[in-house]
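Novice: Could you use the hints to bring the two separately framed chains together as a complex?
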Amino acid sequence: MYNVALALITLAGLILRSVFPRMSGLAWTTPDFLILLVVFNAMFRGPVRGGVAGFLVGLAEDLFFGRFIGLNALAKCVAGAVTGALTRSIFKENMWVPVINALIGSLICLFIVFVFGHMAGARWYFSLIVYQGVFEVLLNMCLVPFLYGPFFHLADRMLKLKEEPEAGEGE
Amino acid sequence: MKRRGALWASVLTVVVILLLYLMQRTGWQSADMAGPGKPLREIAWPVQRLANYVGGGLHGFFGYFQSNKLIREENESLRESLSAAEYWIQQFKELQEENRRLGALLDYKTTHGRAFDLVIARVIGKDTENWNQSVILDKGSLSGLDCDMAVIAPAGMVGRIVAVTPHTAEVLLLIDRESAIGARITETRFSPGMVSGTGQDDLLEMLRVDHDAEIKPGQTVITSGYGSVFPQGLMIGTVEEVLPDSNGLAKRAMIRPAVDFRRLEEVMVVRAIWEDGEEFPEGGTNYSAPPDTFLDWDEGEG
Chain P
-8 MYNVALALIT
2 LAGLILRSVF
12 PRMSGLAWTT
22 PDFLILLVVF
32 NAMFRGPVRG
42 GVAGFLVGLA
52 EDLFFGRFIG
62 LNALAKCVAG
72 AVTGALTRSI
82 FKENMWVPVI
92 NALIGSLICL
102 FIVFVFGHMA
112 GARWYFSLIV
122 YQGVFEVLLN
132 MCLVPFLYGP
142 FFHLADRMLK
152 LKEEPEAGEG
162 E
Chain F
2 MKRRGALWAS
12 VLTVVVILLL
22 YLMQRTGWQS
32 ADMAGPGKPL
42 REIAWPVQRL
52 ANYVGGGLHG
62 FFGYFQSNKL
72 IREENESLRE
82 SLSAAEYWIQ
92 QFKELQEENR
102 RLGALLDYKT
112 THGRAFDLVI
122 ARVIGKDTEN
132 WNQSVILDKG
142 SLSGLDCDMA
152 VIAPAGMVGR
162 IVAVTPHTAE
172 VLLLIDRESA
182 IGARITETRF
192 SPGMVSGTGQ
202 DDLLEMLRVD
212 HDAEIKPGQT
222 VITSGYGSVF
232 PQGLMIGTVE
242 EVLPDSNGLA
252 KRAMIRPAVD
262 FRRLEEVMVV
272 RAIWEDGEEF
282 PEGGTNYSAP
292 PDTFLDWDEG
302 EG
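Chains as they are written, first to last, in this note's numbering: chain P, -8 to 162; chain F, 2 to 303.
The shape of chain F in the complex, shown without the other chains (with noise of 0.2 Å):
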């Protein structure tokens, strides 16, 4: 029994190191690939060649469901990530818009500020009661503001402030029928009369100029100072045509405004106007404006 066992051990090394030779002379070293195995990969290969075509066949008839499953994910991944793009695009083009509107309204502010007592402020609402072209400021009494105080855009006058909270201010605009601005003709420096609103957005009116008077379309209409509450020389607009008046004694102006009312969403409120030879203030003004009345601005609020 000993020598039986004693001969199957010797049996099995002798056949593992056998194996251990074939395995070497078969290695990855061996230059002839699969030569012993030859014929049973020549019965195989039709076999497996019939399962490689069903095998790919059917990976690809389910593959076709999960791939399509994957494809509508992916797809609501991309339509959610299409959404934040095309909203982050939006506050882009707002902040660029903004920039662009701040940055005209801090140049007009370096160009006049010798001349006026500026305030910067934003448009935070309009009438609720569509009796009044009116809108609501973010300043108000706090910041120095008061009643009949000019509002002006770079591109021109906006209204007067009719009221004030110490936070708020609401402006009447200058397309309200309730306005009335003294105006002047550029070209001519004639004054032929007052500007009011006619409730359109896009209209001014000039009502009762003499009917000799040298007023014709295209002429440009300014601010003439009188009445002490605009400053003179702010745009209004540009005269659009000249009508005779129902009596036909007189003529009327449609006028269109050089602001875009439609649009308005900063303007500057006018404090103070420093006439020629007045020194100006260091700092701007004798009103003692709380901290974040320019500052704000100026830093980059908003």
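One chain only, chain P, in its complex shape (with noise of 0.2 Å):
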């Protein structure tokens, strides 16, 4: 059932950053709901099923954008290991450790997509990289108090975490 609400919320995710230009007016960068999703996700279930979910939720993204497929699984993947594994025994109630999880899985996502889109033959100048991605990862930490929560609360329900707080890796 997580799984399944998982999947709706990456669907939507991606619709969402597809048209959030349209909605918000801002047409010069849009939020990456998706690697916040791959960080909550990563936070609760640890770095290996955060990793997976992480490189699922990126093919995806690939498969929807339909360009250099495997870049965003690759570097969503490697985002949502580390940041699970660097929460794996933190209080996830304290509203700091989402934004700082945020901003260390944006960074890393925004790395590995400069320098594998590179590798794959992108021509992304280092600056729009820099300018985009400084706001880019400033929406998505902006965007953490409202998001996480609604998170909290799914994951809470659904995955049962009052009885199993550290559920992940050993499960």
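FYI, nobody ran anything at the bench for these hints, they're computed from the structure. Heads up, the beta-carbon is just placed ideally off N, CA and C, and yes, glycines get one too. Hints should not be assumed to be uniformly reliable.
Stated by the list, open to error - Some chain F residues close to chain P (C-beta under 10 Å, calculated; not the full set): (1) Val17; (2) Arg26; (3) Thr27.
As the list claims (entries may be wrong) - Taking CB as the label site, the calculated pair distances span: (4) P:Asn(-6) / F:Leu19: 20 to 28 Å; (5) P:Asn(-6) / F:Ile18: 25 to 33 Å; (6) F:Gly61 / P:Met149: 34 to 42 Å; (7) P:Ala76 / F:Ser78: 53 to 61 Å; (8) F:Thr14 / P:Leu145: 32 to 40 Å; (9) F:Leu8 / P:Asn(-6): 22 to 30 Å; (10) P:Asn(-6) / F:Ser78: 52 to 60 Å; (11) F:Trp9 / P:Phe82: 23 to 31 Å; (12) F:Arg73 / P:Trp87: 37 to 45 Å; (13) P:Val125 / F:Tyr65: 29 to 37 Å; (14) P:Trp87 / F:Ile72: 35 to 43 Å; (15) P:Met149 / F:Trp9: 22 to 30 Å; (16) P:Val125 / F:Asn100: 54 to 62 Å.
To be verified - Looking from chain F toward chain P, a few residues come up when the C-beta cut is under 8 Å (computed): (17) Leu20; (18) Leu21; (19) Leu23; (20) Met24; (21) Gln25; (22) Gly28.
Specialist: Here is the structure:
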């Protein structure tokens, strides 16, 4: 059930990302809702499941946008695994944890997309990546306080976190 | 355990290499855009279209208020700019008009410079009591002005100085009832009498004209030069109407002054009159004018 919810949220995130510029009037950059999903999921499910979920979510994103397939899959996989490992035994109710995790996950994602994108033949200017990337990371962090709460309740209800506070790798 | 780690590392390396290969195959160089992702796009497009429609509507709805605020601010800013522009246009017109007037004064001074010793002065005030028709000039005895000097404008006679201070001079205008000046009809060279003011801005009166004098509307009235206060030949106005006097023995002529007394801003004071044959002194006059008397106007002050 939780995985189905993740899939639906992924689809919603993809659609939202594609229409966000028109909704918000911000033509220059959009927040990456999916990296937030990957980070939140990794916080509750640990590095391996977080990495796998990140890979699938990133792959869906690659398939949806149709270019450089595997790039976001790899980036989000690593971001999920790292943030999952970092927050394995951290008190997740503290709002600063997801905010800092979102920052770390977004930066990892940005770095991998830039490096592997170049290796795959993309001609992105470094200044553009930095300019767009900085705004994207800031937007992601700003969205955390609004999105983490609903996700926390969803995960709490579906994964029964109170009974299994350290749910993750050992399962 | 070590072998398991090595196995994982090998698998990850292979996966990364495969992903890199896939990325390159699906980069900008690939011909088929979104080939593998077509089914996912097909699933998403109705929702995407709906979300886009709703999103566009929301943006338009909130954008209306935002635009309204922006338009109001822009409107306010434009109003301020317009006010500033109107102010500067007004200033420009004022300067243009002043330039025209000063140009006329300069022309007059150039033309009559051999006949009169002229000082240009600006009208800085009017009589505050309303009993007299007089104006205050911004030059006085320090500029060589004195009582009974004639004051003229390019159009004609203005009046005479009746009081001076070091920096100001009061001019009794021709239209004042106390003012009187010897006049002559240009067309007939006849000097029928004195012209005096009526107290109105736009009307003078020639009193006690002989009943058989040749005077009729349209004739030009100039100064006669009698009395030695006013130079002769200066324009006073034109005859507007000729009326019989109350006793029936004489008649009086109403004269439209050549000068518009409601719009007096700069005038010229005649400090000296050079008679025919008299040598025009270098520098214009025996009076030793302070440096600001002529130069400030001639060099374009104001």
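Novice: Indicate whether the distance between the beta carbons of Asn(-6) of chain P and Leu19 of chain F respects the range 20 to 28 Å.
Specialist: holds, 24 Å
Novice: Has the hinted range 35 to 43 Å been met by the Cβ atoms of Trp87 of chain P and Ile72 of chain F?
Specialist: holds, 41 Å
Novice: Does 52 to 60 Å hold as the CB distance between Asn(-6) of chain P and Ser78 of chain F, or does it fail?
Specialist: holds, 55 Å
Novice: Min Cβ distance, Arg26 of chain F to chain P: is it shorter than 10 Å?
Specialist: holds, 8 Å
Novice: Would the hint on Gly28 of chain F stand, with a C-beta cut-off of 8 Å toward chain P?
Specialist: Hint on Gly28 of chain F: holds, closest Cβ of chain P at ~4 Å, below 8 Å.
Novice: Taking 8 Å as the limit, does the beta-carbon of Leu23 of chain F come near enough to a beta-carbon in chain P?
Specialist: Where the cut-off is 8 Å and the nearest Cβ of chain P is about 4 Å from Leu23 of chain F, the hint holds.
Novice: May I ask you to test the hint 29 to 37 Å on the CB atoms belonging to Val125 of chain P and Tyr65 of chain F?
Specialist: Given a distance of about 31 Å, which is inside 29 to 37 Å, the answer is holds.
Novice: Determine whether the Cβ-Cβ distance between Ala76 of chain P and Ser78 of chain F falls within the hinted range of 53 to 61 Å.
Specialist: Holds, since Ala76 of chain P and Ser78 of chain F (Cβ atoms, about 55 Å apart) stay within the stated range.
Novice: Tell me if the interface restraint on Met24 of chain F is satisfied: Cβ within less than 8 Å of some Cβ in chain P.
Specialist: holds, 4 Å
Novice: Is the gap between the beta carbons of Gly61 of chain F and Met149 of chain P within 34 to 42 Å?
Specialist: 37 Å Cβ-Cβ, so the 34 to 42 Å window holds.
Novice: Trp9 of chain F and Phe82 of chain P, beta-carbon distance inside 23 to 31 Å?
Specialist: holds, 30 Å
Novice: Holds or violated: is there a CB of chain P closer than 10 Å to the CB of Val17 of chain F?
Specialist: holds, 7 Å
Going through the hint list in order, the structure satisfies each hint without exception.
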